[in-house]
Each structure stands twice: as structure tokens, then as C-alpha cells.
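Each residue of the sequence shown is one higher than the one before, starting from 2 at the first, in my numbering.
Errors might be hidden in some of the hints.
Derived DSS-like pairs: lysine-lysine, alpha-carbon spacing no greater than 25 angstroms straight-line [stated by the list, open to error]:
1. K278 <-> K256
2. K94 <-> K35
3. K130 <-> K31
4. K27 <-> K130
5. K213 <-> K227
Hints in this document: simulated from the structure, not taken from any laboratory.
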Amino acid sequence: MISESIFRENDIRGVYPEELNESVIKEIAKGIAKKCFQEDISSIVVARDGRLSGESLLTTFCNAIAQYGIDVNNIGLATSPMLYFAAKKENSKSGVMITGSHNPKNYNGIKMVINDNSVSGSEILSLIKNDEFLNNSSVGNIIYSDIKEIYISEILKNIDTDISELKVVIDSGNGAAGFIAPELFKRLGCDVIELYSEVDGNFPNHHPDPGKLENLEDIISEVKNKNADIGFAFDGDGDRVGLITNLGDMIFPDKQMMLFSEDILKNKNGPIVFDVKCSNHLSNLIL
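Start from the sequences, fold in the hints, and give me the full structure.
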């Protein structure tokens with residue numbers, strides 16, 4: 002029996018193994034395969050973060066969706082931004098990320114993009130419930146790729162500002178960002194001080210959610226003690242970041258967006274998407 006509560010508007014998320022397990026993910030693979038057929042997609046990229054259940058769920062998902070004729074490019078351990086990058090590079094523009102994001106360690110989940118569009122968990126639930134028969138005549142191929150160097154090279158190619166004088170503290174929170182962020186900043190020439198770069202789904206040092214100040218105590222202390230210029234604290238799958246100033250203050254997301262928006266608007270008029278929950282100061286700046 003599948004718990005429908007795990008199928009959310011923006012993703013699929015549940016407690017492992019009570020709500021989300023290998024049996025459930027086989028059904029999810031079927032629903033995603035149906036979505037792929039609707040969009041005339043024959044291949045996808047898949048990845049996982051560092052959750053303890055991630056490797057088993059990813060392997061099960063790959064084998065299950067391949068049974069419906071979908072080719073799979075398994076890039077293994079990665080951040081969510083790396084998965085989206087890899088999906089963009091594929092002709093299919095499609096990818097599936099097995100991740101618990103910033104949630105407690107017993108959670109896991111799925112984020113999806115099919116044909117360059119995000120897919121809601123509720124849509125996948127509807128497809129699972131649909132009794133439409135999947136007529137597949139062949140089994141898809143599963144290949145394994147390492148995109149780390151390609152990803153880093155692409156970022157380096159697009160940064161023309163010299164930041165080699167910066168001393169940077171990076172708190173990966175034992176999440177997937179530890180696999181990529183410290184090396185990236187070192188390649189940019191920064192003096193990098195690492196906190197909790199070892200990927201460990203037990204999250205032994207603190208909860209992987211930089212949106213909560215109690216999870217930033219260590220990086221704030223390290224930034225001040227080491228006279229660093231800036232600190233970056235990442236969540237479990239590396240798509241959320243907490244920024245710490247040289248004085249140990251947190252730059253909240255609204256202020257981050259103001260800084261980014263000012264830079265964009267200074268150079269060109271382009272579309273800027275922001276959350277309605279953001280401060281009115283942000284909308285006043287942009288509009």
C-alpha cells in the first residue's frame with residue numbers, strides 16, 4: 002500500500018522505509034516511465050545524495066524504469082544542481098534525483114525534471130493509479146557516468162572574477178556538497194577551510210538545513226576564529242546555501258536575492274523569478 006501523503010506538489014518525500022522503500026519506488030518508476038512515454042522521452046539521468054537509503058533506492062529505481070524500455074545514465078553520488086546540469090546536457094532534458102534534501106536523516110525522496118519541465122509528485126501519483134498498460138518490447142540500457150570534472154569545468158569557464166585572495170569556510174554538513182564544493186573553490190584559487198566534507202547520511206555533526214541558525218553555529222565560529230572572508234553552509238543535496246559574512250552574520254535569502262538582482266539589473270534587464278514569501282524590499286528593488 003502506497004501512502005499518498007508522500008506525493009507532494011513539488012516532489013515526493015517520505016520516511017524510509019515506512020513510507021518510501023524499494024517496493025514503493027518501483028511503483029514510482031512505473032509512473033515516471035508513463036510520464037516519459039507521454040513526453041516521447043526514451044532516456045533519463047539519475048543520481049542520489051548521501052542518504053543511507055540512497056544507494057539501494059537508486060539501484061532499485063534504475064532497474065525498475067529500465068524494465069519499461071527507458072535508458073538510464075546513472076551518475077551516482079551528486080548534488081541536485083549536478084543532476085539538473087547533467088539532465089540539461091542530455092537530449093532528453095530529463096532527470097531524477099533521489100534525495101532527502103534538508104530533511105532529517107530517516108527521510109528520502111525524489112525530485113524530477115522531464116523534458117526540461119519539473120514534475121509534481123501528485124502527477125506521478127495519478128499516473129501510478131492509471132491502469133494504462135506499459136507496452137515495452139525491450140529493456141533499457143543502464144550506463145554509469147562521472148560528471149564531476151565536466152561540471153567543475155563548466156563553472157570555471159563561466160566565472161571571470163578573480164577570487165583567489167578569499168579565505169572561505171565551507172560547511173557541507175556531511176551532505177553531498179562535500180563531494181564537490183571544497184574542490185570547486187580550491188580550483189578557483191581560494192584558501193578553503195573545510196567543515197564536515199565527509200559524506201555521511203547519519204549527519205553526525207548537525208542537521209543538514211542551513212536555513213536554521215542552530216545548524217550554523219560551527220561555521221560562524223570557524224569564520225570568526227580563522228578570520229575568513231565568507232562562509233558557505235550547504236544542505237543535504239547542495240541546493241540550499243547559508244551565507245556567513247566575515248563578521249559571522251548570516252545573509253538571509255532575501256538579502257542574497259537583492260545582491261544577485263542588483264548585479265543582474267546593473268548589467269542587463271532580464272527576468273528575475275522570486276518567491277512571493279520574500280520581503281517587499283526585494284520586490285521594490287526588482288520592480
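Violated hints - listed by number, lowest first: none
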